[in-house]
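Chemist: Construct the complete structure from the given sequences, taking the supplied hints into account.
For the sequence shown, our numbering begins at -12 and goes up steadily by one.
It is worth saying that the hints were derived from the structure and are not from the lab. There's no promise every hint is true.
Derived pair list, reagent style DSS-like, types lysine-lysine, alpha-carbon separation capped at 27 Å [as the list claims (entries may be wrong)]:
no. : residue 1 : residue 2
1   : K12       : K42
2   : K(-7)     : K61
3   : K42       : K(-7)
4   : K44       : K62
5   : K8        : K42
6   : K62       : K42
7   : K61       : K44
8   : K42       : K61
9   : K(-7)     : K8
10  : K42       : K14
11  : K61       : K8
12  : K44       : K(-7)
13  : K62       : K(-7)
14  : K12       : K(-7)
15  : K44       : K8
16  : K14       : K44
17  : K44       : K12
18  : K8        : K62
Simulated restraints, written as ranges between beta carbons of each label pair [claimed, not checked]:
no. : residue 1 : residue 2 : range
19  : G29       : D53       : 28 to 34 Å
20  : P17       : P88       : 15 to 21 Å
21  : N15       : M68       : 15 to 21 Å
22  : N79       : D53       : 23 to 29 Å
23  : T(-6)     : G77       : 17 to 23 Å
The model shown is predicted, which means the values in this text are computed figures rather than measured ones. Each residue gets a CB set at the ideal place from its N, CA and C atoms; glycine is no exception.
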Amino acid sequence: MATETKTAPISLTERALEEVKNILKEKNVPAEYGLRVGVQGGGCSGLSYLLGFDKPKESDETFLLDGVTLIMDKKHGMYVMGMEVDFQDGLNARGFTFNNPQASSTCGCGSSFSA
-12 MATETKTAPI
-2 SLTERALEEV
8 KNILKEKNVP
18 AEYGLRVGVQ
28 GGGCSGLSYL
38 LGFDKPKESD
48 ETFLLDGVTL
58 IMDKKHGMYV
68 MGMEVDFQDG
78 LNARGFTFNN
88 PQASSTCGCG
98 SSFSA
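Modeler: If you want it as structure tokens, here you go:
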């Protein structure tokens, strides 16, 4: 059986990948878990980003990004296509940031958007 390698609809910067790998190691996340990226209803602009570790479900697509399994619900692709996830570690902010070309507007917190 041939396996098809699909290109992930989003990208993670080097800093974000490094931080994800650190968390996987430090928190002893089980090997069958991957990084789930998606959206959920809510937030001040209507939709908010979802980022966490989870096991793949039947409705998911999985992608491999530099040794990290990326999990995404197929329905979320249209909201995050082309998005870049970065990790900031500065004096003003620390955490993951989302640069989403599909967002028609975002809120001040950067974790909520409308499409």
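Chemist: Hint by hint, say whether it matches the structure.
Modeler: Tested hints:
1. K12 / K42: Holds, at about 16 Å.
2. K(-7) / K61: 13 Å, holds
3. K42 / K(-7): At roughly 19 Å apart (the allowed maximum being 27 Å), K(-7) and K42 satisfy the hint.
4. K44 / K62: Distance ~13 Å between K44 and K62 Cα, so the pair holds.
5. K8 / K42: With a Cα-Cα distance of about 16 Å, the restraint between K8 and K42 holds, given a limit of 27 Å.
6. K62 / K42: 17 Å, holds
7. K61 / K44: Roughly 11 Å separates the two Cα atoms, so the pair holds.
8. K42 / K61: Holds - the C-alpha atoms of K61 and K42 are around 15 Å apart, at most 27 Å.
9. K(-7) / K8: 21 Å, holds
10. K42 / K14: Given that 27 Å is the threshold and the Cα spacing comes to 15 Å, the pair holds.
11. K61 / K8: 24 Å, holds
12. K44 / K(-7): OK: K44 and K(-7) at ~17 Å, within 27 Å.
13. K62 / K(-7): Holds: K62 and K(-7) sit about 16 Å apart, inside 27 Å.
14. K12 / K(-7): 26 Å, holds
15. K44 / K8: 22 Å, holds
16. K14 / K44: 22 Å, holds
17. K44 / K12: 23 Å, holds
18. K8 / K62: 26 Å, holds
19. G29 / D53: 28 to 34 Å: Because 30 Å falls inside the window, the suggested range holds.
20. P17 / P88: 15 to 21 Å: 33 Å, violated
21. N15 / M68: 15 to 21 Å: The hint (15 to 21 Å, Cβ to Cβ) is violated, given that N15 and M68 are roughly 32 Å apart.
22. N79 / D53: 23 to 29 Å: With Cβ atoms ~27 Å apart, the hint holds.
23. T(-6) / G77: 17 to 23 Å: Cβ of T(-6) to Cβ of G77: about 30 Å, so the range 17 to 23 Å is violated.
When each numbered hint is compared with the structure, violations occur for hints 20, 21, 23.
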